[in-house]
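Peer 1: If you read the protein sequences in the order shown, they are chains A and B.
Okay, so the first sequence: first residue is 16 according to our numbering, each after it adds one.
Okay, so the second sequence: first residue is 192 according to our numbering, each after it adds one.
One should not assume that every hint holds.
Claimed, not checked - Taking lysine to aspartate or glutamate and the DMTMM-like style, the derived pairs with C-alpha atoms no more than 25 Å apart in a straight line are: (1) A/74 with B/493; (2) A/315 with B/493; (3) B/413 with A/422; (4) B/413 with A/377; (5) A/138 with B/198; (6) A/218 with B/194; (7) B/413 with A/268; (8) B/413 with A/269; (9) A/138 with B/453; (10) A/138 with B/194; (11) B/413 with A/359; (12) B/413 with A/277; (13) A/218 with B/352; (14) A/56 with B/453; (15) A/218 with B/578; (16) B/413 with A/362; (17) B/413 with A/72.
Hint data in this document are derived by calculation from the structure and do not stem from the laboratory.
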Amino acid sequence: MTVKPLDGIRVADFSWFGAGPIAGQALATYGAEVVRVESSKRLDSLRVGQPFKLDDEGKPISSYNVSGYFNNFNAGKLSFTLDMNTPKGKELAHRLVVESDVFLTNFTPRVVDRWELGYEQLKQINPRIIAAYAPMQGMEGPHRDFLGFGAVLTPVTGISHLSGFPHRPPIGVGTNYPDYVVNPGHTVTAILAALRYRNRTGKGQMVELPQVESVVNILGTSLLNYLANGVNEGRIGNRHPAAAPHGAFRCADDPTSLGSEDRWVAIACRTDVQWQALCDAFGHSAMATDTKYATLADRKANEDQLEAMVGEWVRELRAEDVAVLLQSRGVPAGVVQNSQDILDKDEHMKARGYYQYLDHSETGRSAYDGPGARLSLTPAGHRAPAPLLGEHTFEVCERVLGLDPDEIGELVAAGILA
Amino acid sequence: MTERALEGVRVVEFTDELGSYCGKLLADLGADVVKVEPPGGGLQRRNPPFFHDREGIDTSLDFWFHNTSKRSIVLDLDDPKDREIATKLARRAQILLEDMPPGHLAEHGLGFDELKASNPALVYTSVTGFGQTGPHSHWAYSDIVGQATGGVMTLAGEPADPPNQIAGRQANISASIQAAQGTMAALLYAEATSQGQQVDVSAQESLSMSQETAMQTWDFQKRNRTRTGERGMLPISLPALGVYEALDGYVYVMVLAPAGADLPELVAWMAEEDKAEDLGEEPYASLIGTLNMAYLTQVMTDPSKAAAVAGQLQHIHEVIGRFIASKPARDVYEQGQQRSLLFGLVSTPEDLANNTQLRARNWFQEVEPAAAGEAVEFPGLPYRLSETPGRLGPPPKLDEHRDSILAELDTVEAAR
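Just chain B, same shape as in the assembly:
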C-alpha cells in the first residue's frame, strides 16, 4: 500500500462550516483528523439537503461533503472531564484546526499558549470571519457576510438587481483553502525545526484576491469596479461573446478571445449544418472576417466603430442564437471545442455527473457513509498526486468514533 502524503499527521479539529473544508483537504491526503463536535452537533449537520430527504443529524449532504475521511467524537468543553480529553487530543496532535469565535478555546484551556508548553511543535490554525485581531474580530459571521465585506459580491450580478452571492458558500471555502496552505507551510516548518506556531485566517481577507482587478483599479485609478451583469466589461454587446440558450440549456460563448479559432470557423460550422442563413453574404461576410481579438480591443477603447454597424452585429448575434438554439447544449460545447471554438457548457449538477471528461478519468469516488448504509458516489479530490494519491473515506456519524479514540488515548497514557 502506498504511503499517503500526510501519513502520520494527527489533526484535532474544532470546526463547523468555516473550517471543515480545510480539515477535509488534510484528511483526504492521509492525515488522521479527529473532529471534536459539541453535544448535538453543529450548524453544518443541520444544513439541507439531506440524504434521500431523511432529515437528521447524520444525513446532511453538506456535512458529508465537507467532512470526508474524518473521525468524530462529541465533547462538551464546559464539562471538565470532556475538556481533559480534548486537551489530551490536542497534546498529541501536530495540527489543531478551529473556527470558534476568537478566544473561545483559550477560555476552555485550549488556547495556543497553554498547549504549546506541552506541545511546542503544534501548528494551531484558527479560521474565523474576521481574524484573531482588529476591531471586527468579534463580529458575527456567516458566509454571505464574508462575501459582502470581502469585495466579491459588489462585482456579481445585474446592475438592476442586488449584488449576487456566489453559490457554494465561497467565503467559507476560500478561508479553508487559505488555511490549508498556511497550515501545510507551518507543518513543514514544524517538522524541520520542532517549532509550532499560530496560523490566523480571516474569511474576509481570504476572498480579497478574488476581487480580480478591482483592488488595483482603485489603487491605481481611484475607480470602483461594479457589477456589470451579462454584458460584462464591454461597452457594447458583440456577437459570439456571452450566454446563449441552447435546445435544453445554456452555453457560454467566447469566440472573441485571445485563444482558439475565430468567428469564420463558427460560421463555417453553421454553414455545414445549413444554419448560416445569410451570414455568407455581404455585408456580413466581410464584417465576420474582422471580428477578432484585435477588433474587441479596439471596441474596448472606442465603441463608436462597433456602434456604426450595430444593426449588422445584432443580426449576426441573432443568427448565431438560432443556430445554438437548435442544438443540445452539450453538443454545442463538445463539437465547438473540437473545432477549437471557445465554448463552455453552462453545466448543471446533472451535466457534471455525466461529464465526459470527469467520467473518462474516473474522477468520482464511491464512499459508504455509515448513515447511508450503501455506497454513494462523491465528487473526487481537487488534485491528483502521482505517488501519494488522495482518497475519500466516509464522513462520520456524530460521535461515531468515541470508543476507538478514547482507547487510543488510554494506550498513549499507559505508555507514558
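Pulled out of the complex, with its shape left as it was, chain A reads as follows:
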C-alpha cells in the first residue's frame, strides 16, 4: 500500500456546493479519510445539477448519483447521511468531530450556529481539531450574513468589473470561477499549514477563509494600483499592458468541434524577438521592422491595426496549425480549447494522463479531474469514484462512531440517518 502525506488524517466534511467539497476532495487525494456529511432531506444542489449521465436513449438517468457536477468534486469520500436539524443528529456530528483531525464547512455562519458547529464549541470537545470555515464574507463583521454563491462572488470581488471587453457591461466570466481552484486551493493550503503547526505543537486552531478575502487576493495587483496610486482600473479585454499582440484570434471553423465550431488561437508576444518570430512564421518578415510595429511601444500605440493584421494572417488557418507553427518558433500560442479538445484531442493532456477514469456503479466509467500537483514519491489520486448518497452511512456509524447495530437500527427508524 502506498503511503501518502495525509494517511491517518480524518476529515469531517460538512460542506456543500463547490468550494468546500473540492477542498475535502483534495485532502482525500493526499490520503485523508474524508467523511462527507450530507442529507437526503436537504440535498446538496449539485446532486441534482447538470450534467447528468444519459441512459441508452439519451435521457438523463433519474438518480441523485449521476451528476457530473457533484461527482467530480467528491471522489474518494465516504458519504454519511445525517439529519442535522435534530438533537441526535447534532450529537452524532459532535462525535464525528471528536474522531476527526480536520473539520470543514462552507455553510453560512447562521447555519453553523444552528448546528452548534462553531469553533468555540468544537474546540471544547476536540482541542486538537483544525476547524476550517469558508463562509462568503466571514464569520463576523457587518456583512456576515450576506447571501452568496460563486455567481455573486464573481462581481463582488472585482472579477466581473475587470474581465471582458470595455464596450460590454461586466457580464462575468461564464462560470462561478472562484469556486473551483481559488477558494478550495487557498483552504487546503491553510489547513495543511495548520496541520504542520499541530505536528510541532499539538495545538489545533481555527482556519477561516472568508471567500471575499480569498478571491480579492487573486486580483491583488489591480487592488494595489488603487491603494497605492489611486487608479481605478477597468476592463482591458484580452490585452496585457506589457505585450502585443496579445489576445485570441479567430481561425478557420471546424465542424468536428461539436457545438463550438468557431476556433480561436491565443497568442502572446512578450518580447520584440517573439514578434519578429511571429512575422517570420507567417511570411511577413518586413512587418517585424516596420516602424509602426518594431517595438512594444510601437505595437501598443497601433494595437487595433496590429490585431486586425494578425487576425487576417490566421483567419483561414487551422487553430491547431497556428499553435504548432508559432510554438516551433518559440512564440507563446495555444488553441482556445473546449472540453472535447481537452478530453479527446489534446495529445499532451492524454500523454500526461491528467484525467482519472473511474468506474462508478451508476454512471459507468467516467472522467474525473486529477490532482493539480504531481508528487513523485507519494502520488495523489482518487482512491474511489464519488460515493452514492448515504453509501457509507452504516460503515461510518460502526467503524468511526463506534455504534452497535442496535443503536444504528434505532437511528434509522427515527429518521436520523437520512
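Given chain A, work out where chain B should sit, using these hints.
Peer 2: Structure of chain B alone, referenced to chain A:
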C-alpha cells in the same frame, strides 16, 4: 510573539510570474523565502503598473503584490561562483520552488537528482505552463496561453466576441495555488519521513477544474459548453437575474436563486420607495408571485411558458431596471442584502478598497517596500489562522538581501 505556521521552513525560489504567488503564500505564512533573481531581474519586475508611475526595476506593483515577505539575491547561474552560492542555498532549503523551462535548472547543476544526494528531504516544486513531461512540456507559455489551453476562455464572453481571458492572470494564479497545496503536502511528508520528492505542476492542468461542468458535459453527453455571455445558460431572459446598471455602477442580481428572498420582497422594497410603478397590479402581481426557483427550473427545460408572457417579463425587468438605476450601486447591494435579496455589487478596485466588510475586519495590511520609502496599504491574506496568523512583509528590491544571505551561508559553512 506567536510562532508562525511555517516557522523555520527555508525556501529558495527561482520564479518569475508563474510561481511567484506560490512563494508569496509560503512566505506570508512564515517561511523564509529567498528569491534568486537573474541579473537585471525577471519579467514580473517589468510589469506595469508602477508605484506613483515611477517606472523602474524595484517599483512594479505587480511584482510587489506577488513577492511580499521574500528576500532577494541576484545570481547569474551561468557564472560558476554564483552557481555555487545557489547550490548552497538549495542544499540548506526544505523547499526549492522554480518556474524555469523544464531542464533549465538541471543543466545548471540544480536539478532534483543532483540536489537530493546532499539534501534527501528536499521538496522540489516545478511550476510550468505544461508540466515536466509530455509532448508540449517545452512549449512557450504565457498566462493567456494557459487560460486558452486549459479550457476556461472558451466559456467566457459574448458569443459575438472573441473568447475572454479572466483578469488577473489566472493561469499563473491557479498554477501557484495548486503548487502551494502540493508543496505543503510534500513538506508534511518530508517532515514525517525525511524523504523529499518532486512536485510537478502544469498551468494548463491547474485550470481544468475551473471548466465548471464543461468537462463532464463532454464526458457524459458529448456536448461542448460554450460562452453564452450575459444571458448565461438561460434559454430566455428573465427579470431580476443578471447585470443591472445603477446610478454610478453596476449590480448583479440573482433573486431567482435557491437562496434568499423571492421577487415579491424586491417589489415590496420598490413600493416602499414609490418605484414599483404598476407591478402591484394585474397581470404583473400574480406573475411576480410565481417567479421563483421552481419557475426557473421549469423554464430551463421548457422555455415556452415564459415565452408566452415574454412581454410581461420584459416590463417587470424594465421597472426593476428603473428602480436600480435611481440608486447608488452600493446602496442597492447593501440594502438588498439586508432584505435577504441576492444582490452583488459589481465592485471596482475603489469599491473594494472601501468595502464595508473588509474595512470592518481590518483586512488590509500596511507594508513598507524599501523602494517606496513610505507605508503602503496592501491586500491582506486569503485566510485567517487563529493561532498562527499570516503577516505581510515588504517585497524586496532587486538583490536587496545579498549581504545578509551570503553572511548566513558563511556561518553555516563555518559550522560544518
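Peer 1: Indicate, hint by hint, whether the structure satisfies it.
Peer 2: A quick look at each hint next to the structure:
1. A/74 with B/493: It holds: about 15 Å lies between the C-alpha atoms, which stays within 25 Å.
2. A/315 with B/493: Roughly 48 Å between the alpha carbons, so the hint for residue 315 of chain A and residue 493 of chain B is violated.
3. B/413 with A/422: Violated, because 46 Å separates the two Cα atoms, which is more than 25 Å.
4. B/413 with A/377: holds (18 Å)
5. A/138 with B/198: holds (24 Å)
6. A/218 with B/194: holds (12 Å)
7. B/413 with A/268: Roughly 19 Å between the alpha carbons, so the hint for residue 413 of chain B and residue 268 of chain A holds.
8. B/413 with A/269: holds (16 Å)
9. A/138 with B/453: violated (37 Å)
10. A/138 with B/194: holds (20 Å)
11. B/413 with A/359: holds (11 Å)
12. B/413 with A/277: The hint holds at about 17 Å.
13. A/218 with B/352: violated (53 Å)
14. A/56 with B/453: holds (22 Å)
15. A/218 with B/578: holds (9 Å)
16. B/413 with A/362: holds (19 Å)
17. B/413 with A/72: holds (14 Å)
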